[in-house]
Amino acid sequence: MTNYTKKESHDVSILLAGQAGQGIMTIEKILTRAFKEEGFSVFATREYMSRVRGGVNSTQVRIADASIAAPVERVDVFVALDGHAFERYCSRLTDKTVIIGDKHVADMCQCSAACKNIVTIPLREIASDIGRSVYANTVAAGAILALLDVPLDGARDALQTLFVSKGQDVITHNITALERGYKHGSHAVFSQNIQIDTVARTQKEDNKKHVFMAGYEAVGLGALAGGVDFCTSYPMSPSTGVLTYIAQHGKECGVVVEQATDEIGAINMSLGASYAGARPIITTSGGGFALMEEAVSLAAMTETPVTVHIAQRPGPATGLPTRTAQEDLNLVLHAGHGEFARAIFAPGTTAEAFVCTQRAVALADAYQIPTFILTDQYFMDSLALAHEDDFTFMPIKKHIVETDQGYKRYALTENGITPRGIPGYGYGFVCADSDEHDESGHITEDLDVRVQMVQKRRKRLEALAQEALMPSCSGACDGSAKKALIVWGSNRAVAQEALAHTERDDVIAVHFAQVYPLNPRVKEMLDGLEKIAVMENNVTGQFADLLERDLGIKVDTRIAKYNGAPFTVEEVINHITQL
Amino acid sequence: MLNQSLQENVFDMPPQTDIAWCPGCGNFPILRVIKGALADAGVDQRMLTLVSGIGQAGKLPQYLKCHYFNGLHGRALPVATGIKAANPHLTVVVTSGDGDVYGEGGNHLIHTIRRNPDITVLVHDNMIYGLTKGQASPTSEEGLVTPIQPRGVYVDPINPLALAISLDAPFVARTSAGEPQHMRETIAAAIAHKGFSLVDIFQPCVVFNKVNTYQWFKEHTYFLDDDYDPTDRMAAFARATEEGRYGLGIFYRTDTRAVFEDEVGVYDDDKRPLYERKPQVAAVKALLAMKR
Ligand SMILES: Cc1ncc(C[n+]2csc(CCOP(=O)(O)OP(=O)(O)O)c2C)c(N)n1
Ligand SMILES: [Mg+2]
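So the sequences go chain by chain: P and C.
Mapped onto my numbering, the consecutive letters of the first sequence carry residue numbers 1 to 579.
Mapped onto my numbering, the consecutive letters of the second sequence carry residue numbers 1 to 292.
There could be a bad hint or two in this list.
[What the hints assert, rightly or not] Part of the chain C face toward chain P, derived, beta carbon under 7 Å: (1) Met47; (2) Gln62; (3) Ile83; (4) Ala85; (5) His111; (6) Val264; (7) Lys271; (8) Leu274; (9) Tyr275; (10) Arg277; (11) Leu287.
[Stated by the list, open to error] Under the rule of at most 30 Å between Cα atoms (straight-line distance), these lysine-lysine pairs were calculated in the DSBU-like manner: (12) Lys194/C - Lys397/P; (13) Lys456/P - Lys65/C; (14) Lys398/P - Lys291/C; (15) Lys183/P - Lys96/P; (16) Lys271/C - Lys408/P; (17) Lys285/C - Lys398/P; (18) Lys278/C - Lys398/P; (19) Lys251/P - Lys285/C; (20) Lys397/P - Lys285/C; (21) Lys278/C - Lys408/P; (22) Lys251/P - Lys291/C; (23) Lys204/P - Lys291/C; (24) Lys209/P - Lys278/C; (25) Lys398/P - Lys65/C; (26) Lys531/P - Lys483/P; (27) Lys408/P - Lys398/P; (28) Lys209/P - Lys285/C; (29) Lys285/C - Lys166/P; (30) Lys271/C - Lys251/P; (31) Lys65/C - Lys209/P; (32) Lys204/P - Lys194/C; (33) Lys194/C - Lys208/P; (34) Lys554/P - Lys285/C; (35) Lys397/P - Lys209/P; (36) Lys251/P - Lys278/C; (37) Lys210/C - Lys398/P; (38) Lys208/P - Lys183/P; (39) Lys291/C - Lys397/P; (40) Lys209/P - Lys251/P.
FYI, nobody ran anything at the bench for these hints, they're computed from the structure.
We put the CB at the ideal spot given by N, CA and C, even for glycine.
Full structure from sequences and hints, please.
Set out below in structure tokens:
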């Protein structure tokens, strides 16, 4: 594998590892805030086990002088809160890795290549001295910031926000912990001659206009920005963050939020609400979505707008609940019996998730169809910086009409879409039927009407394809490139960073934020390329199949990763090199 | 009286409407009576929405001039809950079968009672799967022979009233298609009651259930006494679990439970249905700014 060595250190990678419940997230929050204020590009991604306590969880935090949003194998600073973390991550530690931890933890380091640059900090002792051992995380954060020569202002801000509900005492103690950790760290830098490359602070001013958030927050915010006012879902990793986010902010944004008692109830409740004029979103993962399939078909038959967000995780069945995958494209593509139109989005950045979610709910409403947002665990649990201006607010259009007497819910029209009436607004009756129905919404077995209704439901797919998002391109996008690395969903940033690193001018990285329907113009865009590789987190190449099936694009190479972990920059560099 | 029947007429579909029920079906009296009960309860036709699942009973909304959502088999209750939560001004009535509400949708029944939206659920209980041609339903009596249960049903039937009372459903009643006047009063009272109301309606299926006929229902039912106290939950439970004969009337009622749509929060200071509201763009912008 290509060794992704640092070029004059444009970036530093920090891995925080410990047991579930040890407070890695606190360190992550302190660090990322401090890094953002300091003017780095910041990225964080969480890997965790499906358990509440124990095990080994980790968060990788990266800082760089240029925009980054992908994980790397390389670890420059390893923060071990628990000795078992070493076993799990030895293969990624080298003799250059600086290891930080309590002495009794560091003593457990038995990685052959590493264990050289150990900075022991009496985290627990300092914390207990301040008052409680839980402050150990904050001590560690202070030490890391010292090693990287980052001032504490941002970190103090972070502590204020984090512990605002816990009272001033807790905040004060944490700040003391932070400062004492910093002091120990600074001392170690001198006494042990620890060297960590410095990264240029390239975006000090710019970062003030950047927002830092996780994928689940971007989808949740996008839903709210899209005018969602109804959210019923059933908890399921890794999608629950979106439900939590909307529940936390439901009241101020006027959203009805209800934890359903199963996924079938969740989507049927949403369909009822939508029929009565609400704009629903549902969030789930593959297993929960599988339960919703019949109702997806109902949404199509009754032409009731609904949007479902599916955060993928590896299957089949319960699979790996807290790991990542892109295995459910086919599920979503084919979900629901019968034939009907749908649209599927697969955002690759937080800003894109914000925009795509708005778009998904807007299209559901405009076309009266089910629409979908496909993300994954990696995307949900990764935090990245993005410019605020990229968070575009789309105008919200409600497509509800006041009905006249004699209103027909399924009146045949040129484009297949009937103006949508709702009960209680106007003079007509709004009759929605799961059975095949006539224009008025009444059950029918007239086979000619059946054909008309099939056409009505199908017709809108062409218009949907015409306005489908075009993929984005990075690299030599002037037409000179001969090869393309195609990705969708969360693999956008990793492909971009890897490509930039290889400096190949014959390869472009192409990212699809909408995977269905495909815009027919994609064919022209990719025609003429000599080699097409599709990289995705599943074993069969589901998107490659879709490109071949719907656009007749020949895929030469299928790059698959399906162990539950996301692609790393190093891996993708390797794949690009072999193109 | 004249006035009332005029009001009932507003729900009539054109006479040429093709009705998919068998001659003599117990659904006909239910359809007739619902119109009267809606009129009696003073329901505004434009604000009434019927919801059903799939089955012969689930077709009822098709034969009434009203808004309706005829959804999936078993899924009427969550749909009805969603409608009520999106627009609390609507009167929401579910009409569906015993298989639909107690079988395929059993889980929804339990949790909808817990959630307690102000909806009325009318279950046409013919103790059989009518539309699919005569298989056992959750209320089929032991011993009923069907093409799929050739040795007779051996699974215990569900007791919908006892189940609902155990969950403290605000209004629990039983009536019979063979007793139009009682049915009318009971349904009207159910609609008028705030909160989840369940009305189990004994309904003969003249084609597939040759045991539980009009005659059988007549012989096995009686009206609850005038001095029966429906606010006594334990007594109601005892009455609902009575064996061999079936009471008709309001078994249980309570006014103590908060309703779902009042609890969700968005109607606290603003009674408008969701569709009438403007999106809270400023609030969303503030949330975004918090991420700076
Ligand atoms: C998911 C699903 N499973 C099965 C069916 C087939 N089905 C339609 S109606 C019905 C049962 C009808 O019984 P009931 O609800 O008691 O209504 P009835 O016809 O007796 O009025 C069944 C099994 C279906 N439509 N959908
Ligand atoms: Mg039945």
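- Can you give the numbers of the hints that this structure goes against, from lowest to highest? As far as the earlier hints go, 7, 12, 31, 32, 33, 34, 37 are violated by this structure, in ascending order.
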